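Engineer: One-letter residues, chain by chain:
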Amino acid sequence: MKFEKHYGRLLGVLIGVAACFVYARSILVPKDFGKLGHFRASAIDEIKALPVQHVGADKCKDCHNYEYEQWSGPKSLHKQKVKCEACHGPGGHHIAKMNGEPIEEDPRRDLKVPDSMVVCSRCHLKLTGRPEGQPMLADLNKHMTEPDGTKKEKCVSCHNPHTQSVYP
Amino acid sequence: MKKMNRREFLTKTVGTGVKTFVFGNLVCTTAELLQDKKSFANSASKKEEPEKVIFGFLVDTRKCIGCGSCVRADKAENGVPEGFFRTWVERYTFFPNGRVLVDSPKGAEDGFWPVKEDKERTLGKPYHHYFVPKLCNHCIDTPCIQVCPVGASFETKEGVILIDQKRCVGCAYCVQACPFGTRYINPEKGVADKCTWCYHRTTQGLKPACVEVCPVKARIFGNISDSESEISKLLRDNRVQVLKSYLGTRPKTRYIGLDSGVI
Amino acid sequence: MHHYFVEGFVLPNQNQIWWTILIVLYPYITGIVAGAFIISSLYHVFNKEDLKPVSRFSLLMAFAFLLFATCPLLGHLGRPERALNIMLTPNPTSAMAGFGFIYATYLIILAIEIWLVYRPDIVYLSKHSSSMLLRKLYWLLSLGVDNVSKSSLESDHKVMIFLASIGIPAACTLHGYVGFIFGAIKANPWWSSPMMPVIFLLSAIVSGIAMVLVCYQAIHYLKGRAIDSQCTQALMGYLWLFAIIDVAIELLEIINHAYMANEDWEVLHELVMTKLFVSYVVIQMLVCSVIPIGLLGAAIIFRKRLSDRIRNAMGFLSAMLLLIQVLAMRWNVVIGGQMFSKSFRGFLRFDVEVFGREGLLVAFAIFLMPFITLGIFARLLPLWGPIETYPKKWLRKGLPEKQNLTFPEPAHPS
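Residue numbers (the working numbering), protein chains in the order written: chain A, 1 to 168; chain B, 1001 to 1263; chain C, 2001 to 2414.
None of these hints come from the bench; they were simulated from the model. Heads up, some of the hints might be wrong.
Unchecked claim - With a cut-off of at most 30 Å between alpha-carbon atoms, the simulated DSBU-like pairs for lysine-lysine come out as follows:
no.: 1; chain 1: A; residue 1: Lys-112; chain 2: B; residue 2: Lys-1217
no.: 2; chain 1: C; residue 1: Lys-2275; chain 2: B; residue 2: Lys-1106
no.: 3; chain 1: A; residue 1: Lys-142; chain 2: B; residue 2: Lys-1063
no.: 4; chain 1: B; residue 1: Lys-1125; chain 2: B; residue 2: Lys-1063
no.: 5; chain 1: A; residue 1: Lys-31; chain 2: B; residue 2: Lys-1157
no.: 6; chain 1: A; residue 1: Lys-48; chain 2: B; residue 2: Lys-1217
no.: 7; chain 1: B; residue 1: Lys-1166; chain 2: A; residue 2: Lys-48
no.: 8; chain 1: B; residue 1: Lys-1052; chain 2: B; residue 2: Lys-1157
no.: 9; chain 1: A; residue 1: Lys-31; chain 2: B; residue 2: Lys-1166
Note that this is a predicted model, so its numbers are computed, not measured.
With the hints as constraints, model all of the structure from the sequences given.
Structural biologist: If you want it as structure tokens, here you go:
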């Protein structure tokens, strides 16, 4: 079989295509790809640099010392268990706003003063599934009705949300 | 003849005795030397290597009260889009005759509500029930990294599985390959997304957001290569399982308190 | 304790079916490519003379479909602009990463094969085409070489045979890897099976042969040309053989699942008997498998008693039904596999999208494109026979009638 002229030209075309691909690869593949494994190494630092939203109760203490003292005091039933951000939402944006830093608005990350009827029920309503050790209410209506028949409106009408003890 | 025999006998016995003694000593000394070498090597490597950090996660389903704080905190911390979840809580309710009711209303984002009364009428009174929080298992033999065509899914040196969202093409192969349903395609970004064990927090010494807010310590996070850490002690002291162990993905998220109804 | 689900529970993140109509279409298109190439290789490599009438067309049809094989994938990606990443940084453990290279390699093999088959025609048309633009195009395609001597054509023929023989494993890989993409996913029990690449490949060949048969009969009938019944008989024979093996292995898979009755069988059984009853049991397994296999068998066994016209009609109908069967098989695998949750306790509903980026209209448009492309090819090259069959109206006027248009046909190695 003779090596015809058109085979040579065909091979030339194929080698040209392959060369273009190799060149394209050298400019398009990120330089740090493959250093630590089959991935782009700088992705790790990018993910590490994401902003922290939940700042922890100690950061709240700086401005909200009164509530903090109540929450961490000896009479508190929620002490060290239910942290500030569990009920109020993450503090990251709030602190940034207070410091005057520009942040992207995101309703998921706004602080709230929650409706106690909703928030307290999430943990304290008697539900199928909850282990026995958890303090729970089976009948919310009964609990909210005084002996003389008056109805209390919210949990916080009687309970201090930060200590969970009943107001004197 | 008798003298010769006695001499022979003595020579043979003493000879064998000496040989045994020497040989025995050789064996024991070699064994000791090898042992010393091993421990020497260990201690040497301990001195040379910095403290290794491998993260692990433990979920104690005996404690979970299904309040959903973890789901809400995770959504806020990581900007998880509506309708998708990086972590969620399921409730398993066991009725007589082997029937199981599993529910997870909106992933437990707003907590749970009582099991409907009509269910109790048809199914009977549940004899057994508990919550199972779920999240990415950060498996050791991950099926998701195995199938990613572009190298967007990868594992860090701490054993955390992450996604390079600038590289991902959104083919959803990893979503199909995950046996636990922890991955999804973020509709805002068009790329794959999942729980990262809050890598941006844990590399700074903080705990993941879900662990931080859990009021009953049902979620525990820590360094499993440190044998004195809280999580290592719990792993040693309890009967620990993983989800779908028969698939061989070897999850690093372990559970206490699962039984056969949980898939 | 045997737990059977009371309420459908679907894992929260599984709120939609991710791989929809376009991912059903992609293996369908590549399947037709593989099958058509096998037909053409049966002639070029294995010298099945009966298939000569369709040998050229099947190559061009394979090429037309292959050109549009990437379209469904691009339409499906969350970030199509990054699609090149698959070729720039392919992950060696990922079957999907193979797509870029397998596709490119096969495209090159097929292109060179077609080029070698049509080179004499291209050279001729570079001199005698009526349009100057096209003459330039043909000249470019001939790579500026107009040597069509007997020895060069014989060399071409040898290279063609070589390419066709490596093209067969390449075509098998092009379609087998798609089956592997599904078959190797242990997370999904409906997909996870070592038989999956085999089933995909066999049904691909079935769809390719069926498509060639349908197009051959349809185009010749519409243009009023005679149909070579020996060719259609041969095609029907191969179609019957591959259809039987394909359906047998598909049945084997489901029977194996049912017999083993693993943990997942409870939900799979419910899936097949309720959600997929129409598309799997009725369409894929009964109507579109039993009827075509029966019809083809009858047409072949009773060929002496039946006339050509009736046999061809039976073959045409069977081929149409088998085309639907293969499409249904891909639908049932891809979409069926996502209709149950990984919790094994619940189902999702698939709402067929009509408009939108991944809808029916887009799928239909993509599927139509290869046929339009074939129409363009028909303008450029003789689709079926040798250069004599190329319409004279597109050639330069004033050609002497006696001009010898035929080129020396290199003898087939016997």
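Engineer: Next step is simple, just say for each hint if it's right about the structure.
Structural biologist: Status of each hint after checking the structure:
Under the criterion of a C-alpha separation no larger than 30 Å, the hint pairing A/Lys-112 with B/Lys-1217 is consistent with the structure, at around 24 Å. Distance hint between C/Lys-2275 and B/Lys-1106 is fulfilled; the C-alpha atoms sit about 24 Å from each other, no more than 30 Å. Taking the CA atoms of A/Lys-142 and B/Lys-1063, the gap is near 27 Å; set against the 30 Å cutoff, the hint holds. Distance restraint check for B/Lys-1125 and B/Lys-1063: the Cα-Cα separation of roughly 22 Å lies within the 30 Å cut-off, and the hinted pair is therefore satisfied.
Distance restraint check for A/Lys-31 and B/Lys-1157: the Cα-Cα separation of roughly 20 Å lies within the 30 Å cut-off, and the hinted pair is therefore satisfied. With a C-alpha separation of about 25 Å, the suggested pair A/Lys-48 and B/Lys-1217 falls inside the 30 Å cut-off, and the hint holds. About 15 Å separates the Cα atoms of B/Lys-1166 and A/Lys-48, which keeps this hinted pair within 30 Å; it holds. Using a Cα cut-off of 30 Å, the hinted pair B/Lys-1052 and B/Lys-1157 holds, with the two alpha carbons roughly 9 Å apart.
With a CA separation close to 14 Å, the supplied pair A/Lys-31 and B/Lys-1166 stays within the 30 Å bound.
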